[in-house]
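Engineer: For this one, chain A is given, so just place chain B on it according to the hints.
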Amino acid sequence: MRIENVPERAIPRSASQLKTIAKYELTNYLRSRRFYVLLAITLIISGLLTAVVAYYRPSGFLSSPLGFYSSWWGLAVTYILILSGIFFGGDAISGEFQNKTGYFLVVNPVKRSTIYAGKWAAAFIASLAVFGTFTAVTVANGAYYFGLDVPYQFGLSLAFSVLYLISILGVTFFFSSIFKSGSISILVTAILFLFALPLTQSLVSNLAQMEPWFLITYGAEIIGNVLKDPYPAHIVTVQLGRVTFTTYNAPILNGIAIMAAYFLVCAALGMIIFDRRDFS
Amino acid sequence: MVNPSIEAVDLTKCYNSFCALSDLSLRLEGAKCVGFLGPNGAGKTTALKILTGLIRPTKGKALINGIDVQEDKKAALSTCGALIETPEIYPALSVKEALMMVAEIRGVPSAARKDAVMKAISEVKMEEWIDMKCGKLSKGMRQRVNLAAALISDPMIMLLDEPSSGLDPRGMAEVREIVKGLKKKDRLIFMSSHLLSEVTEICDEVAILDHGRLLAYDTLERLTSALSVGNARECEASFSRDLSSDALKEIGSTEGVLGLKLVEPRRLILSFEGGNEAQERILAKIAGLGVGLIAFKSSSSALEETYLRLVKDSR
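Protein chains in written order, with our numbering: chain A, 1 to 280; chain B, 1 to 315.
Next up, chain A with everything else stripped away, as it sits in the complex (with noise of 0.2 Å):
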């Protein structure tokens, strides 16, 4: 029997498809506790920042624009980029295993990378979230202190923020994919960014006298490295009676290119895995 009252339907395209997942999983994320977590975290950090500098004026803040910048800027951004990365990107799609909901989304018609593709803009978007609202903490005291003077590197450490940020949840997500647990997922992610990662930094740099070049926290230290005048030599070497001390910064490119690459090859893999794994 052919069934005729069955109405003929285009199903959209994949960039559509992602756009809608993207919509409605962001939708889910700003409803959630952890998004409000992590707001009051950030307002936390901003409001501690803006106290101890307005009490203490330390001078490494307050001798410049850039100085201030580099001071402030410098010692949080990169954690609340991770602590995105995690909140977000973290069980974003081990969760879909654990939790079933993959069970709701992947049997309709449309392709698990879009389905990545599209909770991983929703978590990007819900991280701009967060970092902009440190943004603005940051300008607002900047602009109090210093006018509406922003130095121009200011903005090319934003931009390294925000491709530090792709970066994070390239490999967020690329973790989420190999775990069916969430927790585990947000834990190994954690102690990477948080402990192992700038654990070997130290080592291969300091003991091993090597440039670490392969690591994403490497490349990351441009967002820092670019709010000082002038920009650090790429290699530092200290001699201290008979033993020599080499430290690295990663020129600009270079750090660019780790950055990208990291999101490139994680991403990639991650859409792989996700599209092979099993709901079992």
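Hints were generated in silico from the structure; no laboratory data involved.
Glycine included, C-beta positions come from ideal geometry on N, C-alpha and C.
Accuracy of the hints is not assured; some may be wrong.
Estimated spans, in silico, between C-beta atoms of each pair [stated by the list, open to error]:
hint : chain 1 : residue 1 : chain 2 : residue 2 : range
1    : A       : A159      : B       : I130      : 39 to 47 Å
2    : A       : S14       : B       : G66       : 21 to 29 Å
3    : B       : P265      : A       : S181      : 54 to 62 Å
4    : A       : I272      : B       : D23       : 24 to 32 Å
With the C-beta cut set under 7 Å, the calculated list includes, among others, these residues of chain B facing chain A [as the list claims (entries may be wrong)]:
hint : residue
5    : G41
6    : T52
7    : L54
8    : K74
9    : P87
10   : E88
11   : E104
12   : I105
Structural biologist: The following block gives chain B in isolation, referenced to the frame of chain A:
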């Protein structure tokens, strides 16, 4: 419009040395409702998950309307609604928002989207909870929303994995009515269930699976007749008043009747032989007796016996 079809070709799914599904080959075509039966762990959900792209087969193909689900899931599922297990829904979204998301993904035009959502919500009787957050719904309510999501684009094919799971008796009856409504609209429905009475009431055909292997696939009548002793069939008759012993004698004397079992004063199970002709004759005879016949249907116990025999033989 194409003839709707679901096809499994040598479908196999193994987890290390354990095979949840072994060489399942099955083709369902046309408008009908097919019950998918089997004990726990038989491979029913595995098969439905492969058909909806939730898992990949180790071997074989799953085709919906001739399109390989693994090769082009988006095209294959474009005319297919599915409810597998009891999915969770994004907790901070309201029922309406969750269904709007599915409607958008499935390409329901924006002008018709709201109506489509309202119609699906009304079909599953969730109007009162339309603005409630999905995270606050009970399991039964969530299952209703999931069913609404499967119905939302009025799909040609429905894949349902124990759709009444988690529902109260009223909810189960409502699900049965929804599936019957889909049958009236000439859809192809493939539904797994443990409720043999539900399958008897709704389904035209039955596929029975055990240990990942297909044991039988046929119409309900043929399957129960073929496996009953001497081609005997069972039907169940319900009456509006208690049956007298005279009426019982009269029914028992009808040509083809092999036995009667009065399970309740107003419910009788008849076993008979002679196929549809005999069934027609017996029904006419009972109706003519004026004993208050209000229902006459294939007995679910016949399916139960067939099912148990098949499953027992396969072990």
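Engineer: Does each hint hold? Answer for all of them.
Structural biologist: Hints, one by one, checked against the model:
1. A/A159 <-> B/I130: 39 to 47 Å: Between A/A159 and B/I130, where Cβ atoms are some 44 Å apart, the hint holds.
2. A/S14 <-> B/G66: 21 to 29 Å: 22 Å, holds
3. B/P265 <-> A/S181: 54 to 62 Å: 56 Å, holds
4. A/I272 <-> B/D23: 24 to 32 Å: 28 Å, holds
5. G41: At 13 Å from the nearest chain A Cβ, B/G41 fails the 7 Å test, so the hint is violated.
6. T52: 4 Å, holds
7. L54: Holds: closest Cβ of chain A sits about 4 Å from B/L54, inside 7 Å.
8. K74: Given a least distance of 5 Å, the restraint on B/K74 holds.
9. P87: Holds. Min distance 3 Å.
10. E88: 5 Å, holds
11. E104: 4 Å, holds
12. I105: 5 Å, holds
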